[in-house]
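When you get a sec, could you build the whole thing from the sequences and use the hints?
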Amino acid sequence: MKDHMLCNNTQLRSFVVMCICLATSAAVGEDELNVLTDHPGKHLELLLKRQFNEQLDRRLAAYSELKSRADCERWQRERRGFFLRQIGGLPERTPLNARVVGALKGDGYRVEKILFESRPRHHVTANLYLPEAAGPYPGVIVPCGHSHDGKAASGYQRMSILLARHGMAALCYDPIGQGERYQSLDFEHDHETFESVSYRLETPHPRVQFLCTTEHTLMGVSCILLGTNTAQFRIWDGMRAIDYLQSRDDILADKIGCTGNSGGGTLTAYLMALDDRIVAAAPACYLTTFQRLIDTKGAQDAEQNIFGQIAVGMDEPDYVMMRAPKPTLICASTRDATFDIGGTWDLFRQSKRFYARLGFPERVELNEADVPHGMYLQHREAIASWMHRWLLGQDKVIREVDPQTLPDPISDEELRAISEGDWTAKDLYCTPDGQVLLMQGEKSVFQINADIEQALRAEREATWTTLNDEQRRELIRKTILGEELQTPTNSPDEAAIAGDQHNKVKTIGTIQRDGYRIEKVVLVGNEHELALPGLLFVPETISKSPVLYLDGNDMKAEAQPGGRCEQLAKAGHVVLSAELSGIGETETGHDKQDYGRGRFGRDVQEIYLAYLMGRSFVGMRSADVFRWSDYLSRYGSHDRPRAIQLIATDEATIPALHAAALEPMRFESVHLQRMVRSWADVVAAPESMNQLVNSVHGALRHYDLPELVELVGRERVTIEQPVDASGRQIN
392 MKDHMLCNNT QLRSFVVMCI CLATSAAVGE DELNVLTDHP GKHLELLLKR
442 QFNEQLDRRL AAYSELKSRA DCERWQRERR GFFLRQIGGL PERTPLNARV
492 VGALKGDGYR VEKILFESRP RHHVTANLYL PEAAGPYPGV IVPCGHSHDG
542 KAASGYQRMS ILLARHGMAA LCYDPIGQGE RYQSLDFEHD HETFESVSYR
592 LETPHPRVQF LCTTEHTLMG VSCILLGTNT AQFRIWDGMR AIDYLQSRDD
642 ILADKIGCTG NSGGGTLTAY LMALDDRIVA AAPACYLTTF QRLIDTKGAQ
692 DAEQNIFGQI AVGMDEPDYV MMRAPKPTLI CASTRDATFD IGGTWDLFRQ
742 SKRFYARLGF PERVELNEAD VPHGMYLQHR EAIASWMHRW LLGQDKVIRE
792 VDPQTLPDPI SDEELRAISE GDWTAKDLYC TPDGQVLLMQ GEKSVFQINA
842 DIEQALRAER EATWTTLNDE QRRELIRKTI LGEELQTPTN SPDEAAIAGD
892 QHNKVKTIGT IQRDGYRIEK VVLVGNEHEL ALPGLLFVPE TISKSPVLYL
942 DGNDMKAEAQ PGGRCEQLAK AGHVVLSAEL SGIGETETGH DKQDYGRGRF
992 GRDVQEIYLA YLMGRSFVGM RSADVFRWSD YLSRYGSHDR PRAIQLIATD
1042 EATIPALHAA ALEPMRFESV HLQRMVRSWA DVVAAPESMN QLVNSVHGAL
1092 RHYDLPELVE LVGRERVTIE QPVDASGRQI N
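Residues are numbered in the numbering used here as their position in the sequence shown, beginning at 1, plus a constant of 391.
Accuracy of the hints is not assured; some may be wrong.
What the hints assert, rightly or not - The following label-pair restraints were derived from C-beta to C-beta distances:
#, residue 1, residue 2, range
1, Asp818, Asp448, 47 to 53 Å
2, Leu437, Glu1101, 35 to 41 Å
3, Glu586, Arg790, 37 to 43 Å
4, Gln862, Asp818, 39 to 45 Å
5, Ala461, Pro486, 38 to 44 Å
6, Ala846, Arg1119, 25 to 31 Å
7, Thr854, Thr584, 42 to 48 Å
8, Gly733, Gln1120, 47 to 53 Å
9, Asp793, Gln831, 44 to 50 Å
10, Arg744, Lys496, 44 to 50 Å
To be verified - Simulated pairs of lysine-lysine, DSSO-like, Cα-Cα distance not exceeding 30 Å:
#, residue 1, residue 2
11, Lys440, Lys869
12, Lys897, Lys817
13, Lys458, Lys433
14, Lys961, Lys496
15, Lys688, Lys433
16, Lys717, Lys433
17, Lys961, Lys935
18, Lys458, Lys717
Since the hints were derived computationally from the structure, they do not count as laboratory data. Note that beta-carbon positions come from the ideal geometry of N, C-alpha and C, so glycine has one too.
Put into structure tokens, the structure is as follows:
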């Protein structure tokens, strides 16, 4: 028995050693195929940030030229018009069908529970905090920040209660994707906690599965393709909330205020910039400059990024300046880990100067509290005092708590303890079962977007038939380059897509294998382009057309012995396994957590960085396809370029298809593996996976992916293992 065990142990050790050797061999094999050095995962991020800062510098230069009232008014008009266009305009006003569904009695105030429809069959859940005395009163809307329980979050309860106790009505409502208004419920499974990668957090309802920021960005993917934005839904909800207040006899229709914290600060900034009915505004813990945001925390979720806004010169200070000279209090936290206080002071200086140009410098102020991010006591009291001044016409220092009763100094924990709300989330429910999507006939954002896509489809198909192929290609080119923005400078991707440049390729090493060699190459870009790595497989005898192989995960995935690239090379093809910007070695975010559990990728902030500049990863990567195809088509040929075979997988498929549609004569055939069937499918999907990277703003106004296949020539395109919006294979 002992000898048998010894034999087994010896065999086990031998097996383990063999496994280690095989693993080490594979690792060495991958390492020898590395091309770029010096932290290539940072290259794209740094390039985009440099271009981003150049655009910000142009805006600051233009801002410094504002000298007169007429200059300021032109600045406001241009940015307001742009803002509205980029969110897709606003829908038509439809009946609110508002009703009071319940009431609560608090200490020194009362609460009405409200349901209204911001769009047909799309309900907003809201709590109206009212003074005990008879009205009419000023009305303040309170959009919520990114709290999973929405309007029930303690800070928003306390803010609303404080306003009501001092003679002002406060309408605190749930944003989409929060509280009672989650838009992507799981009707088959219960969830105790959110789908999350970093911490455990209980859901507000068992049918809820995604964090609010994840839901907002899932909606963002759906909206981007239509040329709208999650912000449009959020802004319209706020405007309809004002409509509701103004419809009531106990509200002074000309005394409307708006305040919110964090994501509610974002919405306050948007609403105060676009809705003239807001007399007094107080955004909290949001306003900074985009330069400081990108340098510190990075781009945030979908509604906080407006397509092309940095390219045309709309920074966060412009949200304040668009409403000048209306009264605005900027609330900021010294220790805000998301929205940098230094950027807030830069924003305040720009705004103060702008207000002074208009003759009202006293109407914009900044309240800085030495607290972390959040609607803390110091902000609530400053906001209530500000609203009292401008809505009730009385200067009054409002205190929520007698300062004599507070510890000095007071800790963050003690501040949080005195910020608890009076009510539970269920106390404040406006729906029978705690979620609007459980109401009969309710329409989600995704269903509304699917309806919009259907209407757009009829329009774009009618337009498409009137265009010839050259006009269609020009429309596609303009769409992926963001040329509809009409910015002062051309897209950095334009030259490559137009074929107006010559690329330089460096060979930095060679690996000899049986029957072929691998040249490690670098596609050297100009100052606006990324240096990209590639592996060129050159057979001993070249007998067939060259193949451009674009793996959507890593150029090394099929570069090992026995892999697809070797098989093609041994069949007589020169094979270039190349990477596109942000894939493989240049993939960004290696030091970042996977936002949304892989739903948007580690490069989500870089995607939005490009988006803010009016660019798309599809446009950038289509340009990369042209750069690589220029090189490969001329490899070993000194007379004229040769047509090449194009193979792409996963997230490289959509850029590859765009390149082939724009210049089909470059490509002998196009083989696409695991590509989403259509963008229309993505728009309607309440749950998607890794679709943000291949979303193009407004593309579905003009074309969908099947139209690109037709432009290439259906007989030359093979789509293998097509997938749905979540990456699941479909027939």
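Consistency of the hints with the structure:
no. : hint                         : in the structure
1   : Asp818 - Asp448: 47 to 53 Å  : 51 Å, holds
2   : Leu437 - Glu1101: 35 to 41 Å : 39 Å, holds
3   : Glu586 - Arg790: 37 to 43 Å  : 42 Å, holds
4   : Gln862 - Asp818: 39 to 45 Å  : 59 Å, violated
5   : Ala461 - Pro486: 38 to 44 Å  : 40 Å, holds
6   : Ala846 - Arg1119: 25 to 31 Å : 27 Å, holds
7   : Thr854 - Thr584: 42 to 48 Å  : 47 Å, holds
8   : Gly733 - Gln1120: 47 to 53 Å : 49 Å, holds
9   : Asp793 - Gln831: 44 to 50 Å  : 49 Å, holds
10  : Arg744 - Lys496: 44 to 50 Å  : 48 Å, holds
11  : Lys440 - Lys869              : 23 Å, holds
12  : Lys897 - Lys817              : 65 Å, violated
13  : Lys458 - Lys433              : 40 Å, violated
14  : Lys961 - Lys496              : 80 Å, violated
15  : Lys688 - Lys433              : 16 Å, holds
16  : Lys717 - Lys433              : 43 Å, violated
17  : Lys961 - Lys935              : 10 Å, holds
18  : Lys458 - Lys717              : 19 Å, holds
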